[in-house]
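**Student:** Residues per chain, in single letters:
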Amino acid sequence: MSDWVGVALFLVVGLVFGAGGLLTSFLIHPRSKNKYKLETYECGLPTEGPSWIRFKTQYFTYALMFVIFDVEVIYLYPWAVSFENLGFAGLVKMFIFIFILVLGLWYAWKEGALEWK
Amino acid sequence: MDNVYSLLAFVLLAGMILGSALLVVTLRNLVHSVLWLIVMFIGVAGTFLLLNADFVAAVQVLVYAGAVCIMLVFGVMLVQRPNMEHSNPINWRFKLAAPLVGGLFIVIGLLTAKSQLVVSGQEVPAQTVQALAPILLNDFVIPFEVAAILLTVALTGALLLVKEVKANGNGS
Amino acid sequence: MGTALNPSYFMVLSAALFAIGLYGALSRKNAIAVLISIEIMLTAVNINLVAINKFLTPEAFIGQIFAIFVITVAAAEVGLGLAIIIAIYRNRHTVDLDDFNWMKW
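Protein chains in written order, with the working numbering: chain H, 1 to 117; chain Y, 1 to 172; chain F, 1 to 105.
Hints are supplied without guarantee of correctness; some may be wrong.
In the DSS-like style, the derived pairs of lysine-lysine whose C-alpha atoms are separated by at most 25 Å in a straight line are [as the list claims (entries may be wrong)]: (1) Y/LYS95 with H/LYS117; (2) H/LYS56 with Y/LYS95; (3) Y/LYS95 with H/LYS110; (4) H/LYS117 with H/LYS56; (5) Y/LYS95 with F/LYS104; (6) H/LYS56 with H/LYS110; (7) Y/LYS95 with F/LYS29; (8) F/LYS104 with F/LYS29.
These aren't lab readings, by the way, just hints derived from the structure by calculation. These figures come from a predicted structure and were not determined experimentally.
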């Protein structure tokens, strides 16, 4: 339990550090209120249209691939940590696991999910 | 003395988890909901640390807070209309859902209070990852390989769904 | 009982989290919000599994293995669910679950 006291301390220091900067800047920054301050480009052209555009589906495809192989890593990690105890049988099992996932990667590659069109 | 700190940590984490979970299900703006969901997942990872499950805590942060929330934000980006303020309306069923859910919580609480749990009193071994690996690769080898099939099927299925839509659904 | 942590604390926390997730799943209109609520419910189950692993069978580690499998299934479920929602949105231009009624008769 006491190992995590350091982590908790780090968390507290990080929060104080971040919040302290924001608070100091809030306390000492100069204020001027007019409607031009709130525009996107204060000295530029007025903006037209909404800023919330539709994004490409590629974003979702990339995130999906990231999630799937992120989950693969959580299975690889315990195997890698105790690699020597598991021996050859563990290696074979893990290669079957990776082979099945590489099939999915091959399909994604074939379908062009890795390209940014 | 250690017990007091554990209890304090538990109370703080429980407050963090339940508060952010309540915000997730009640906020009107869906993007804010997803951001509070990340806070909730980190609180749950802290709870796992409290329960001596450090590998599961790392997995929780890595997969949920790191990857699943990114994917949810991208999903929100892809399907939302401009007005984010009202992107997450509640339907008429919330009046029905509130007493139902309250009743469920009371029932589970009463059952928990009544149940006699045999606490083993032993400590969790310090090296959790080294203990997890043989169980995962020997006793649970079939679910382990099935997990790979599940991930592959989810990947191909999701790509197929998004792909098919891109082929014939662009005009509207 | 004193101040020592007790499995029932974690079970009550998990039950409360599950109830919140169920409330979200029942009361939201947006399909992505319902997916998020399902994630909350799965996380509540994970808390229960890991707590029982610690307090009841600390040597066996079955609860932690199950939690890892639940996380895997949850990641796959979110991926597929979002793909289905994006596909429906492209065809129907809505993510409102009350409009997803064309399989009713």
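**Student:** Which hints, by number, does the structure contradict?
**Tutor:** 1, 2 and 3
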